[in-house]
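Visitor: From first to last, the protein sequence lines are chains A and B. Here the first sequence stands for residues 1 to 114, numbered as in my numbering. Here the second sequence stands for residues 1001 to 1114, numbered as in my numbering.
Hints were generated in silico from the structure; no laboratory data involved. The structure presented is a predicted model; accordingly, all values stated were derived computationally and were not measured. Among these hints, one or two may not hold up.
[Unchecked claim] With beta-carbon atoms standing in for the labels, derived distance ranges:
| id | chain 1 | residue 1 | chain 2 | residue 2 | range |
| --- | --- | --- | --- | --- | --- |
| 1 | A | K15 | B | L1020 | 18 to 24 Å |
| 2 | A | G85 | B | L1056 | 38 to 44 Å |
| 3 | A | E14 | B | A1054 | 51 to 57 Å |
| 4 | B | N1061 | A | N38 | 24 to 30 Å |
Glycine is no exception: its CB is placed at the ideal position from the N, C-alpha and C atoms.
The lines below spell out each chain.
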Amino acid sequence: EAGVVQSPRYKIIEKKQPVAFWCNPISGHNTLYWYRQNLGQGPELLIRYENEEAVDDSQLPKDRFSAERLKGVDSTLKIQPAELGDSAVYLCASSFGRSSYEQYFGPGTRLTVT
Amino acid sequence: AQSVTQLDSHVSVSEGTPVLLRCNYSSSYSPSLFWYVQHPNKGLQLLLKYTSAATLVKGINGFEAEFKKSETSFHLTKPSAHMSDAAEYFCVVSDFFGNEKLTFGTGTRLTIIP
């Protein structure tokens, strides 16, 4: 069974530039999560989707971050414009059903903003 | 509100000796608790979970953890460390009857000495 796929794995951009991350969850998983993991910290939830609906986006900085999950499968997370403080690893996870008890994580995208 | 405190940011043990990674939690409700492991350049992987069943939980790769409500602890142990156990370990809490959001600790880096 294929796991959660994320691309790109690494991205280096200059501040004020836009950037987008893509996630393909495990087939059949209707719940999708985006996390941000700062250096030396645990992941923090940015947004949670159930199918195509964003059910928890309270931690998403909406002035510069946006996300979408068209058709309830793949998802894209965008930052525009990027700031130096956005440098982090962005993780995507998915789970079956509404339960958050067994989330499967992708390898992440390491973003460096210079 | 829920939180976890991982008491050690870095633990070093010799190969073949026991491993102890400490975690204390705080939760307003009946908590669910997890341990995840993160190997370099790999996605987070669930080691084990406690969801109000048996207090001694066995996970993958010989790891286990014991839920102690009186001590609000959920320490991770393994009788004999292997070189492949070297990784970052995260203790995670979720409110069973709350919003099911996962809250990660700051992580413990486990180093295995040959």
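Visitor: Look at each hint and say if it fits the structure.
Guide: Results for each hint:
1. K15/A to L1020/B: 18 to 24 Å: Roughly 43 Å apart at Cβ, these two residues miss the hinted range, so it is violated.
2. G85/A to L1056/B: 38 to 44 Å: holds, 42 Å
3. E14/A to A1054/B: 51 to 57 Å: holds, 52 Å
4. N1061/B to N38/A: 24 to 30 Å: With Cβ atoms ~27 Å apart, the hint holds.
Hint check: a violation occurs at hint 1 only; the rest are consistent with the structure.
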